[in-house]
Amino acid sequence: GQSLEQPSEVTAVEGAIVQINCTYQTSGFYGLSWYQQHDGGAPTFLSYNGLDGLEETGRFSSFLSRSDSYGYLLLQELQMKDSASYFCAVEDDSNYQLIWGAGTKLIIKP
Amino acid sequence: DVKVTQSSRYLVKRTGEKVFLECVQDMDHENMFWYRQDPGLGLRLIYFSYDVKMKEKGDIPEGYSVSREKKERFSLILESASTNQTSMYLCASRGQGQTQYFGPGTRLLVL
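These protein sequence lines are chains A and B, in that order.
In case it helps, the numbering used here puts the first sequence at residues 4 to 113.
In case it helps, the numbering used here puts the second sequence at residues 51 to 161.
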């Protein structure tokens, strides 16, 4: 079956850099996505890696290595508003559906 | 901007009641999804639809059904609500790209 693993919780300090890892076991997928969800809110799209390597969008970067079955989301210059849950998801190549990790709660301390 | 709306933010129902959750998107997206989200379990796919009147089971379809009579509207139906269906229900839509756009969610409590 398909599964993704990510840490349940990560704590960091405002202004610092944090990396949230995502490891997966899938038979095949098109790409790795990251979504952000604030408490009480809906998930919103952050980034997508269709190919191996690094994708950068402002303070956020995402990385994928298919050979290592591994990806990560890197958040720089952390701000209090970045406190949220972050989900990785892979797009299954058999039915185009997203398979989701359980989410990582990012706690930012001043 | 894509807008996905859900009929209710909060619902309280009794065991055995029939429950309708509605979702509407305004971007002419072909694909629509219903998830439930529970603490520590992430998002689990209940049903999805890739076209009007088309539906496919997701990972946890038991106890649910769906309806898609119009492209913009995707309804989730709990035929006979049970307490283990207490959850947050999220609707999403997707066009040609890989991004899913989510509604605000419906928090359902079944007593």
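Possibly wrong hints are sitting among the right ones.
Unchecked claim - Simulated restraints on C-beta separations:
hint	chain 1	residue 1	chain 2	residue 2	range
1	B	Glu106	A	Thr60	44 to 52 Å
2	B	Ile127	A	Gln5	25 to 33 Å
3	B	Ser132	A	Ser6	36 to 44 Å
4	B	Asn134	A	Asp95	41 to 49 Å
5	A	Asp71	B	Lys107	48 to 56 Å
6	B	Thr65	A	Gly53	27 to 35 Å
7	B	Glu112	A	Ser6	41 to 49 Å
8	A	Glu17	B	Lys103	46 to 54 Å
9	A	Lys112	B	Val102	45 to 53 Å
10	B	Val62	A	Lys112	32 to 40 Å
11	B	Thr65	A	Thr60	43 to 51 Å
12	A	Gly56	B	Leu159	42 to 50 Å
13	A	Phe48	B	Ser58	20 to 28 Å
14	B	Glu129	A	Ile20	24 to 32 Å
Calculated from the structure, these hints are not laboratory results.
Ideal Cβ positions, reconstructed from N, Cα and C, are used throughout, including at glycine.
Here is what the structure says about each hint:
One distance hint, 44 to 52 Å for the beta-carbon pair B:Glu106 and A:Thr60, is violated here, with the actual separation near 31 Å. The hint said 25 to 33 Å for the Cβ distance between B:Ile127 and A:Gln5, and at roughly 27 Å that hint holds. For B:Ser132 and A:Ser6, the Cβ-Cβ distance of about 27 Å falls outside the hinted range of 36 to 44 Å, so the restraint is violated. Distance hint for B:Asn134 and A:Asp95: a CB-CB separation of about 26 Å, inconsistent with the stated range 41 to 49 Å.
A hinted range of 48 to 56 Å for the beta carbons of A:Asp71 and B:Lys107 is inconsistent with their spacing of about 32 Å. Our hint of 27 to 35 Å for B:Thr65 and A:Gly53 is violated, since their Cβ atoms are close to 45 Å apart. Separated by about 20 Å at the C-beta atoms, B:Glu112 and A:Ser6 break the suggested range of 41 to 49 Å. The hinted range of 46 to 54 Å is satisfied by A:Glu17 and B:Lys103, whose Cβ atoms lie roughly 50 Å apart.
A hinted range of 45 to 53 Å for the beta carbons of A:Lys112 and B:Val102 is consistent with their spacing of about 49 Å. Remark: the range hint 32 to 40 Å for B:Val62 to A:Lys112 is upheld by a beta-carbon distance near 36 Å. Here the CB-CB span from B:Thr65 to A:Thr60 is close to 45 Å, well matched to the stated 43 to 51 Å. Separated by about 44 Å at the C-beta atoms, A:Gly56 and B:Leu159 satisfy the suggested range of 42 to 50 Å.
The hinted range of 20 to 28 Å is satisfied by A:Phe48 and B:Ser58, whose Cβ atoms lie roughly 24 Å apart. At roughly 49 Å, the beta-carbon separation of B:Glu129 and A:Ile20 lies outside the given 24 to 32 Å, and the hint is violated.
Going down the numbered hints, you'll see the structure goes against 1, 3, 4, 5, 6, 7 and 14, while the others check out.
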